[in-house]
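Protein chains in written order, with our numbering: chain W, -8 to 200; chain S, -8 to 200.
Please note that a few of the clues may not be correct.
The list makes no distinction among identical chains, and a pair is therefore deemed to hold if it is satisfied within one copy or across any two copies.
Claimed, not checked - Keeping only pairs whose Cα atoms sit at most 27 Å apart, straight-line, the calculated DSSO-like set for lysine-lysine is:
hint : residue 1 : residue 2
1    : Lys19     : Lys199
2    : Lys38     : Lys172
3    : Lys59     : Lys100
4    : Lys193    : Lys59
5    : Lys38     : Lys199
6    : Lys199    : Lys172
7    : Lys166    : Lys135
8    : Lys59     : Lys166
9    : Lys199    : Lys166
Source of the hints: derived by calculation from the structure; they are not laboratory data.
2 protein chains.
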Amino acid sequence: MSHPDREPAITRVSDLQTTDSRWIALHKIEYTDQAGTPRTWEVATRKTRGKAAVDAVAMGNVFLHPSKPPSTMLVIQYRPPLDAYTVEWPAGLIDADETAEQAAVREFKEETGYDCVVTSVSPAQAADPGMTNANMQLVMVEVKLGGDDALPEQRLEDGERIERVMVTLDDMYDKLVEYSKRDRFVVAAKLFHFAAGMHFAKTSGHVKL
Amino acid sequence: MSHPDREPAITRVSDLQTTDSRWIALHKIEYTDQAGTPRTWEVATRKTRGKAAVDAVAMGNVFLHPSKPPSTMLVIQYRPPLDAYTVEWPAGLIDADETAEQAAVREFKEETGYDCVVTSVSPAQAADPGMTNANMQLVMVEVKLGGDDALPEQRLEDGERIERVMVTLDDMYDKLVEYSKRDRFVVAAKLFHFAAGMHFAKTSGHVKL
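All chains should be built: construct the whole structure from the sequences, respecting the hints.
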């Protein structure tokens, strides 16, 4: 956000009890391990999971332009959990009555303004398996641009501010490293890992191309 | 885990209040957004973060063998939050008095039995920015093997069972897709995204190699 209306600011952080929360909860899991020993584990869960049995989708996107190199659209938004602007691929929760593909097309349109075509859907992946049961699917999507470069209107919810940034696929890794150095910016781990995988394939000398 | 002593089993899941938890907590964040509107957000946090200001490291590892293709070691373990076996890169929390590099070398030795050399350390990345402030650094490490293929002993904590699986870098993506299809197995999102980035670089035709 180069010119936000004003900088978001946290005014208060307080303990929240699972009894009082609307979106997320803590649970204590009691289990027996492989040796038969009883153990416990603490886990954070979402209260919103629907029939898909998967919480969320992220859209790995490729923009193809007649005269420009293949690019991807990143979204930058203020995230209160980090009190920072995060750099991510467009993403969102899957509604209770949606498939992953439907959620991907809907959320991509809302956050970027573009209609996209789904090219692949990953298996469900565990977001942070030591701490939560949250999971997601990576949906690869493609947008074919004409010559017109005007950005379509986003369909954001009241109060949502999402900045769109287009970077070429070849520049993506370096741009993410740059963003990470900026004050109050942080790159989301899944996006960074995808870019790091591309970078590793290109530069390590250990991958057959 | 092809032959665990017995299958782990969850015996009870109960609501946990932040007041009573040891490892993780829920917080309510009150903040003013870019338009100056007061809003709230719910977040899950770790109670264990130390001086590094980063929670965890994951070790993207490369094993170099005199006569075998470059490979990586994956770890498979039962994760109570998912009631499943997760396929991940070795990872762990950074202790209060450690740097990311130190934690990486220590945790890698504990989980794999191998001494490694750190080749790069990523910026801090946000694990799941909509839900938590949890963050991590991807530490790339290298192990040079001699001709001896015997697995060194792990240094696991009481009750920890971590299976080690070596896959070639060229097979990694396909193996992760296979694991995802197995009953009660799930691949961690960061690992999957790294592999998907490698796969995309090699196969999409959109990346200069």
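Within, between, both or neither: Lys199, Lys166 at alpha-carbon 27 Å: Result: close both inside a copy and across copies, 25 Å intra and 16 Å inter.
Homo-oligomer pair classification [Lys135, Lys166; C-alpha up to 27 Å]: This pair counts as within: shortest intra-copy Cα distance 23 Å, inter-copy 31 Å.
27 Å Cα threshold - placement of Lys166 relative to Lys59: For Lys59 and Lys166, the Cα distance is within 27 Å only inside one copy (18 Å; across copies 34 Å).
Copy assignment of Lys19 with Lys199, given that the CA separation must stay at most 27 Å: For Lys19 and Lys199, the Cα distance exceeds 27 Å both inside one copy (45 Å) and across copies (48 Å).
Within, between, both or neither, where Lys38 and Lys172 count as close if Cα-Cα is 27 Å or less: between (34 Å within a copy, 26 Å between copies)
Status of Lys172 relative to Lys199 across identical chains (alpha carbons, at most 27 Å): Only across copies: Lys199 and Lys172 sit 25 Å apart there, 31 Å inside one copy, limit 27 Å.
Status of Lys100 relative to Lys59 across identical chains (alpha carbons, at most 27 Å): within (22 Å within a copy, 46 Å between copies)
Intra- versus inter-copy proximity for Lys59 and Lys193 (alpha-carbon distance at most 27 Å): both (21 Å within a copy, 20 Å between copies)
Alpha-carbon proximity context of Lys38 and Lys199, limit 27 Å: Cα proximity of Lys38 and Lys199: none, with 43 Å in one copy and 43 Å across.
Of the numbered hints stated above, those contradicted by the structure are hints 1 and 5, listed in ascending order.
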